[in-house]
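Chemist: Which chain is which? The protein sequence lines are C and R, in order. Position one of the first sequence corresponds to residue 1 (our numbering), numbered consecutively onward. Position one of the second sequence corresponds to residue 1001 (our numbering), numbered consecutively onward.
No wet-lab data here; the hints were simulated from the structure. Since the structure is predicted, the reported quantities are computational estimates derived from the model, not experimental observations. By construction, the Cβ of each residue, glycine as well, lies at the ideal position given by its N, Cα and C atoms. Mixed in with the good hints, there may be bad ones.
Claimed, not checked - Computed footprint of chain R on chain C; a stretch qualifies when at least three of its residues, placed anywhere within it, have a C-beta under 8 Å from a C-beta of chain R: (1) 132-145; (2) 160-166; (3) 238-252.
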Amino acid sequence: MMPALTLRNIVVGALMVALILLPVYAQLADDRFLMTLFTRIIILALAAVSLNLILGFGGMMSFGHAAYLGIGGYAVGMLAKEGIMNGFIQWPVALGASALFALIVGALSLRTRGVYFIMITLAFAQMAYYVVSGIARYGGDDGLTIYKRSQFFEPLNLSNKTQFYYLCLAILFGAIYLVRRLVNSRFGMVIQGARSNDVRMRAIGFSPYRYKLVAFVIAGTLCGLAGALLANHTDFVSPSVMYWTRSGDLIIMVVLGGMGTVIGPVIGAVTLLVLEEVLSGITEYWQIILGPLLLLVVLFARGGIDGLLTQLGERLRRGRPS
Amino acid sequence: MTLFIEQCLNGLQFGLLLFMLAAGLTLVFGIMDLVNLAHGSLYMLGAYFAATFAAFTGSFILGAVLALAATLLVGMAVEVIALRRLYGRDHLDHVLGTFGLILFFDEAVRLIWGPEGLSLPLPSWLNASIQVLPGVQYSAYRFSIIVVTLFVAAGLYILVMRTRVGMLIRAGASNREMVGALGVNIKLLYTLVFGLGAALAGLAGLMQAPILTVQIGMGENILILAFVITVIGGIGSVRGALVAALLVGFIDTLGRSYLPDILRELLSPAAASTLAPALSSMLIYLLMAIVLIFKPEGLFAAGRK
């Protein structure tokens, strides 16, 4: 099916093309910082996409999603410290550890709802934060430097910036595809149904708890993958990756971009991080602008940027009779 | 034994201090149904105001009173300008909007007071130790915190349970539309409740200021503790907040001082020294997780809906 040529789809398409072509531009302009920035943006966009699966579609307001960034990162970092550089071991461990943590947290947290759910997911993330802060062997509070990136088979070399960028981008596109398929499947319908009315889902014979738990684990695992990428990108992992304000950042990306659309979080991540860069270039005190801006988005732009684009497109079309 | 009594007093003092924060949070939570992450910023502002006014007036008490008034005003202003518009919205909107406020306040403080922290020196009459029990010396300042917070807690109880305003507050918590329909100016009531919560947070901040440094981000760690307490106690329940705050205060303080010794008895010294700091920081989160698993609505759920 060919997507309709609306304003929103044009912007999304342009964003994708820009992400694909960015290394070419960076090469020509010899701008290495731009590559570093956008690799980070893509990795965090992956984390935001994973959060959106439970937050936007499942209505599960997890305030501890950054924990999986840390778990994925520490899996890579700890194995590297013990001399295991092989990515085929590191990454599955990162994914497995994140999935296991998500399974435990989800199984317990999904018994509660509302604010209690927000707070219990936060509590588990804080526990993970304190655990890694306390392990002196892996750097404790100071964090852990990773001297060698994950090793894969021959031509793939993560230390090559361009290769690493495209690997991250491919994984992001893969994740978007996966979330899209999931959301439109029967499984996705059940979790979206449970978001709007849990009781009704039970009444028609579903057990939303199990569906939600599976979604929670998938989201955690995907975010753990983002964590493994992030650790490879920064060659460093520290407890601050999983501090609660980082979970807040991820929520901002999802809501800013547009909750409950598959691409929204990507738009949100790009906007937030580019905005941070631009604002911090204008003034040292950039958060004094970003803070109220967030409040304004909450108050006046409920569908996020994605929603705004759709509305704007509608208005343009109606203004121009065809 | 002396040490144990001292640690218990520390636990009591920390618990009561946390109660000042949690009480405001749980009132705002229970009555306006607002998740206010910026509560920690008001705590920080209380400390900054106190340090500034105390240095300006030269009097600790006068500085504290002015700081309390200033925090109250800031709180009411924030409610009128921004938060009022968030009532009735999704909790996600609250989290996001007030997260924006945290960024704003942190940066505003950095802009006004600079990135270095301030210190709030104690007057000499508080900077001494007194004999609380025969043979037990305790810091006069920490002891005065216990006394002040107990008075405030009692005042809060009387305000909520025994006065007309308190009756309206309780009525507003159980059914806000009905209270509005009965002709109560619910907007004004909300602003007052929010101001009260802000002043309590400011009080906690200014009392903590001489013990810790006054710095940016000081509200963020303690905010999470306050949230843990409101959730353990049951959202909207001031009594629950008091019980949970004391529980958290004792467990945190005693855990930090005795857990290393206990672990050393059970495990090898190396394992104990690795495990102890992490485990003692985790204790309260563990407590909250356990409480929520068995009582998903908290210990004293305020029977709503």
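Chemist: Could you tell me which of the hints above the structure violates, numbers in ascending order?
Modeler: 2
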